[in-house]
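Student: These protein sequence lines are chains S and L, in that order.
Residue numbers for the first sequence follow the numbering used here, beginning at 1 and rising by one.
Residue numbers for the second sequence follow the numbering used here, beginning at 148 and rising by one.
Everything labelled a hint here was simulated from the structure, so no lab data went into it.
Incorrect hints may appear among the rest.
Straight-line C-alpha distance at most 25 Å; calculated PhoX-like pairs for lysine-lysine [as the list claims (entries may be wrong)]: (1) S:K18 with L:K205; (2) L:K168 with L:K182; (3) S:K142 with S:K58; (4) L:K167 with S:K44; (5) L:K177 with L:K197; (6) S:K18 with L:K197; (7) S:K21 with L:K293; (8) L:K165 with S:K20; (9) L:K293 with S:K20; (10) S:K35 with S:K18; (11) S:K18 with L:K293; (12) L:K182 with S:K35; (13) L:K284 with L:K177.
Okay, here's what each chain looks like letter by letter:
There are 2 protein chains.
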Amino acid sequence: MILIRIEVEVRPTEDVGKVKKALLNLFTIKRDDIKIVDLDNEYKLLVIEKRNLSPLFKFHDLLRQERILDSARNVLLNSRSGNIITFKLHKQSAYVGRISFVSYDDESPLGPITITITSDKINEIIDWLAPKTKAGKPLWEKEVPKV
Amino acid sequence: MILIRIEVEVRPTEDVGKVKKALLNLFTIKRDDIKIVDLDNEYKLLVIEKRNLSPLFKFHDLLRQERILDSARNVLLNSRSGNIITFKLHKQSAYVGRISFVSYDDESPLGPITITITSDKINEIIDWLAPKTKAGKPLWEKEVPKV
Numbered sequence: 001m002i003l004i005r006i007e008v009e010v011r012p013t014e015d016v017g018k019v020k021k022a023l024l025n026l027f028t029i030k031r032d033d034i035k036i037v038d039l040d041n042e043y044k045l046l047v048i049e050k051r052n053l054s055p056l057f058k059f060h061d062l063l064r065q066e067r068i069l070d071s072a073r074n075v076l077l078n079s080r081s082g083n084i085i086t087f088k089l090h091k092q093s094a095y096v097g098r099i100s101f102v103s104y105d106d107e108s109p110l111g112p113i114t115i116t117i118t119s120d121k122i123n124e125i126i127d128w129l130a131p132k133t134k135a136g137k138p139l140w141e142k143e144v145p146k147v
Numbered sequence: 148m149i150l151i152r153i154e155v156e157v158r159p160t161e162d163v164g165k166v167k168k169a170l171l172n173l174f175t176i177k178r179d180d181i182k183i184v185d186l187d188n189e190y191k192l193l194v195i196e197k198r199n200l201s202p203l204f205k206f207h208d209l210l211r212q213e214r215i216l217d218s219a220r221n222v223l224l225n226s227r228s229g230n231i232i233t234f235k236l237h238k239q240s241a242y243v244g245r246i247s248f249v250s251y252d253d254e255s256p257l258g259p260i261t262i263t264i265t266s267d268k269i270n271e272i273i274d275w276l277a278p279k280t281k282a283g284k285p286l287w288e289k290e291v292p293k294v
């Protein structure tokens with residue numbers, strides 16, 4: 001069982017296309033996967049929901065390219081609550097193709113990208129996304145969990 | 148002597164045209180008055196500088212339309228330092244044509260609009276923009292100060 005939910009706010013002065021690009025930079029998704037929800041006062045919400053791990057493939061690879069497995073593992077472990085992980089990424093960094101974790105909402109001035117992973121295999125997902133490292137190298141590399 | 152400086156950041160996921168619109172909603176300026184400065188990492192700065200009070204004409208009228216003379220007067224008096232006033236407005240509110248003062252930068256998630264007024268007639272400018280009120284009505288309405 002798996003549900004991946006990715007959502008991000010589009011504020012009035014933002015460009016929907018640019019916020020979509022920020023998502024496409026970090027996640028393995030298609031433009032058509034992104035639903036646009038109209039909120040009040042010209043605010044919108046972009047939402048992606050998938051019942052498989054595929055959106056995280058690009059994210060998985062970027063964690064290695066950017067050499068941030070340790071901090072990613074910490075974030076994932078600390079943001080776990082039972083079968084659910086919720087963590088936030090900086091939207092402006094995403095727009096330039098970089099992963100930057102947000103600890104508090106006010107660190108990301110435009111409203112962060114929020115990722116929620118719900119699964120009964122949450123440990124396997126963490127171990128797959130962000131293995132422990134030693135001297136900067138992963139201690140293991142797992143196959144994509146069967147969820 | 149007068150210098151009005153209005154500046155606002157355009158963050159990567161924002162649309163320059165929409166941020167310009169936010170400025171045009173509140174200030175009596177033309178599109179050509181807005182200079183675009185490229186900052187690092189796809190951030191930009193929009194800047195307007197004028198050596199007369201004309202940019203504030205629309206702002207002056209909006210303070211009355213929105214019935215926020217009291218809070219405006221407080222903000223102006225409190226943000227005065229010698230010959231200079233610096234205050235901040237919420238960018239997202241400006242986009243929908245509304246004045247909303249920002250006390251701390253983090254209240255305006257996209258980076259506020261910053262207005263700096265430098266003049267040796269700063270008291271006259273405050274009294275013109277935001278007179279004292281009684282029972283919600285201005286105690287006076289002054290002509291545009293000769294600066």
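Student: Now look at each hint and say whether the structure bears it out.
Tutor: Taking the hints in turn, this is what the structure says about them:
1. Restraint check for S:K18 and L:K205: the C-alpha separation of about 31 Å exceeds 25 Å, so the hint is violated.
2. Taking the CA atoms of L:K168 and L:K182, the gap is near 14 Å; set against the 25 Å cutoff, the hint holds.
3. With a C-alpha separation of about 15 Å, the suggested pair S:K142 and S:K58 falls inside the 25 Å cut-off, and the hint holds.
4. For the given pair, L:K167 sits about 20 Å from S:K44 by alpha-carbon distance, which is consistent with the 25 Å threshold.
5. A C-alpha spacing of about 12 Å is found between L:K177 and L:K197, which places the hinted pair at or below 25 Å, so the restraint holds.
6. For the proposed pair S:K18 and L:K197, the alpha carbon gap of about 32 Å is over 25 Å, so the pair is violated.
7. Distance check on the hinted pair: S:K21 and L:K293 sit about 49 Å apart at the alpha-carbon level, beyond 25 Å; violated.
8. A threshold of 25 Å between alpha carbons decides the hint, and for L:K165 with S:K20 the separation of about 17 Å falls inside it, so the pair holds.
9. Between L:K293 and S:K20 the CA atoms are separated by roughly 49 Å; this puts the pair beyond 25 Å, and the hint is violated.
10. As the CA atoms of S:K35 and S:K18 are separated by approximately 15 Å, the hinted pair is consistent with the 25 Å bound.
11. Restraint check: the Cα-Cα separation between S:K18 and L:K293 comes to about 45 Å, which exceeds 25 Å; the hinted pair is violated.
12. With a CA separation close to 35 Å, the supplied pair L:K182 and S:K35 exceeds the 25 Å bound.
13. For the given pair, L:K284 sits about 31 Å from L:K177 by alpha-carbon distance, which is inconsistent with the 25 Å threshold.
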